[in-house]
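Chemist: Start from chain V and add chains L and D according to the hints.
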Amino acid sequence: MSKPDKENKHTNWVLTIVLILGTITVFFPLYMALVIAFKSPSEMTNDVQGALGFPKHLGFENFAKAMEVTDFWNTLGNSLLITISTIVLGILVYSLVGYVLGRTTAKSKHFKLIYLYIISGMFVPFAILMMPLVKETAQMHLGNQLGVILLYLVFYMPMNVMLYAGYMKNIPEVMEEASMVDGASTWKTYWKVIFPMMKPMHATVAIMTALGTWNDVMTPLVIMSGTGINTLPIAQLNFQTAFGTNYNLAFASYILSLIPMLIFYIICQKQILNGVANGAVKG
Amino acid sequence: MKKKMSNRTKTYLCILIPALILFVMFNTYPMINGLIYSFTNYKGYGKFDWVGLRNYVDLFQDERVLKSYLFTFKYALCGTILVNVLSLLMALALNAKIRFKSALRGIYFVPNILGGLVIGYIFSFFFTYILPYIGIAWNIEWLQNSILASPAYAWIGVLIVGVWQAVAMTTIIYISGLQTVPEDVYEASRVDGASKWTEFWKVTFPLIIPFISINFVLTTKNFLMVFDQIMSLTNGGPAQSTESISFLIYRNGLDGGQFGFQSANAFVFFLVIVIISVVQQLITGKKEEQL
Amino acid sequence: MKTFRKIMAAVLCVMMIVTLDGCAQASEDGITEIEIVSYKREAIDVMDEIQDLFNSTHDDIRLKISSPNEAMTILKTRFIRDDYPDIVAIGGDINYSNFLDAGLFMDISDLQALKEVKEGYLDIDKQLELVSMDGVYALPYVANAAGVLYNKDIFNKYGWKIPNTWDEFISLCQTIQSKGLTPLYFGYKDTWTTLAPWNALAVDLVDANICAQVNKNEATFANAYREVATKQKELLKYCQPNPYAYSYTDAATAFANGEAVMWPIGSYAISQVQSVNPDMNIDSFVMPGSNDPNKNILNSGIDVQFSIMENCPNKEAAYEVLNFLYTDEVLNMYLEDQGGVATKKGEFPIAEYLKGMETYILAGEVADFQDHHYPTEMAVDAMIQTYLLDKKKDALDTFLNKFDTDWIRYNRDLIARVQKEES
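Chains as they are written, first to last, in the working numbering: chain V, 1 to 283; chain L, 1001 to 1291; chain D, 2001 to 2423.
You may find that some hints are simply not true.
Said to hold, decoys possible - In silico contact screen, one side only, chain L against chain V (beta carbon under 7 Å); selected entries:
hint, residue
1, I1015
2, A1019
3, F1026
4, N1033
5, L1089
6, A1093
7, A1096
8, I1107
9, L1117
10, I1122
11, W1197
12, D1228
13, F1270
14, V1272
Simulated from the structure, these hints should not be mistaken for lab results.
Since the structure is predicted, the reported quantities are computational estimates derived from the model, not experimental observations.
Heads up, the beta-carbon is just placed ideally off N, CA and C, and yes, glycines get one too.
Just chain V, same shape as in the assembly (with noise of 0.2 Å):
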């Protein structure tokens, strides 16, 4: 896109410099959040050195006291299991439908049918399965991770395979033909060609996953509520009360909240945004 030209070495400086300052849109509710988290209730006065100023001492008490009441390690684990079983999972089911359905959509009217009946899925929204699925997960005995992890699979399926089968559209035919003429069985040559070849699509589904999964309150809230068994954003929810007016307790354990996902953030940051971008657009 960059052409070797005279006009490219122009820079907008004006514009810029807009886009710095407006980054402090962003900024601002972070250093806010981070500088109310390490500072100790008698620090809040009501003026502006108590709302933002910078805290006396970067003691980490508040940090320590918040991962207690909320059980932080626990909670995080939770978090954690229910995000990466559900990516795994997620790419391992999405793909080999959307591979299936990929292939034989344009053929066959009864796997269109069943095509169009996944897809669906997509305009059913969370809030009218709610309830219903509170009492049928407790009937299974799934009113725990393993619930929640199986519900997003098939909450995310639609669009997921819908990405998957539109993009078998780069895969040539030609591809399992030949390794299926040597004798390979369909399963086989799923894995061994076809699987690889979708790389870039798995990168994507997981990160839409993730950012999907990580932050959701709805479902586990309502699939695992009272079994004591939290999420980051669960926890959040359930002790906010227990902070009564320590607001320095509360930021400190939003931050702890926030860590695990900036940090995801910063390493992969360009996977995430290239993952997005094309999420989307294919979909």
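Modeler: Leaving out everything else, chains L and D in the frame of chain V:
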């Protein structure tokens, strides 16, 4: 003539069937269940009676439900427009000849990856304490009362947070869209001597319409289902002025003993979403055709 | 391919562990487990103490008391899931009425401890039954007293006295304002706090069984609640600016820090206030709703009561637990920590901060909270908040009419049953 099912088809079915079973169990079956409950006055536990269409009749007369639909639509409409206008501007800026392009893009995406619930709590503090404090310090009358405590304006507070988070995603999509416009198209228009303004409307805009339609559909759907920010910013208040549809269904359905009634509400909500999505597809489909 | 199988195996293992973990419920070595879910989060510390005391003195029963956040939501969700605890500790309120009506509670008429409960509290529970039932379904534990908390030090400093009539109360507020202090503080951001002054005024001004009367079509709320609504709105003149921005905990903190002289809230808030200012000199008085001191009644309801779930498999063990909880020793432990009024016959000290209401408590001049009859989904608290925020001229009529209309809508089935019983 009947064809024998090929091995390949058998494999295909073996793959699809478990997925379909899951789908039916956790998507279709609950939906049907919900529909059945919507014809009862079930509290969620204990005994219940069949009440036929009474819940649906009540829905259209229930002030609280109607208010929640109004709020949600108002929120979704304003949100979608605001987000798309802001994002398009941002995308144009982030796609222009600036320095630190990837860093800036990276920074502006951060709001999207942060959890809506926690962001709500952070902004709640900001709206309740920091803004009024600034209002008092700089003598700005209308800032002095927390915006979240005003039944008339609390929705704006929620909107600000929602837009703050949603702009990120939409911007990325617009950037992708802008990048699909080939350089030579711009060359041609520059040769023709067109101004930047004309260039945008006559050249860029028509070429990114598919992206505009994607964004409109996505943002509308997301805003219609707003839940997390409501929980943390206002809990539906004050005076129930910020109860979104999802929020009301959750609150009254699970907490308020209105399991049956809110199931009816949920079903109507589902129909509304379908209708809106279909209408949107039709409109944008036509526009794409025109080009 | 091999790596793929390894991954699948790992994932399946994880899933199995998670499922098994959730399933491991069986009680080992013959010890009966009894689970109590308590809705009083503030009492978590003393409940833990009581739990430990029980467990150390009982070999065959293991007691677990949990006090989760948002306990009522959690309980209701658990009921929806058919996941019942053995005993619930909830208030004598509409939730009790609903759960009872749904057939969730066991009849405990033969419980030993019931013999020692003051009649008045057993009556309150009877009145909470939506439709009259035979049997006893709850063991009342501690009652609260809801009037007006006041800062005794400030009162003493200015020589102010407890008001006995409405006019005296208003003129006291005005006097306080003239001294540059804030008379009242409200935490109306949490809508449920609007019910505190509402209930306190209603017991003075309205028949105790008004809800039943309305159900039988013998009265309307538009008439009965007119004065209550007007008076509650009048109180807004004497509170901090913009009360709707402050939550219950904000109000407790403000009152504890002396930012307001009085706080119309129940005795259940004392522990919160004391957590901010442990040495505060607090007392309370009965809200004087009318100008006739003889009509003043103390608003008191059952703050905590215990009910055994209908399908509890260990009735004997559950009885053992309840009888233990009702011993003087344990009751006093709870009272010392949380305060309130004992429902048990006998000499129980009345806390310092209830002294101003002592005569009413001892004479039994008490009446239950009106809101214990309001259906949750009717959201009366939000309605009151809307009414208080409403600056239009017809705000009162709008509110009262809505009350009547919504009441009929949300109690349709109940009204039908009541009227059928009457005929």
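Chemist: Now tell me, hint by hint, if it's right for this structure.
Modeler: Cross-check of the supplied hints:
| no. | hint | result |
| --- | --- | --- |
| 1 | I1015 | holds (5 Å) |
| 2 | A1019 | holds (5 Å) |
| 3 | F1026 | holds (4 Å) |
| 4 | N1033 | holds (4 Å) |
| 5 | L1089 | violated (10 Å) |
| 6 | A1093 | holds (6 Å) |
| 7 | A1096 | holds (6 Å) |
| 8 | I1107 | holds (5 Å) |
| 9 | L1117 | holds (5 Å) |
| 10 | I1122 | holds (5 Å) |
| 11 | W1197 | violated (16 Å) |
| 12 | D1228 | holds (5 Å) |
| 13 | F1270 | holds (5 Å) |
| 14 | V1272 | violated (9 Å) |
The earlier numbered hints that this structure contradicts are 5, 11, 14.
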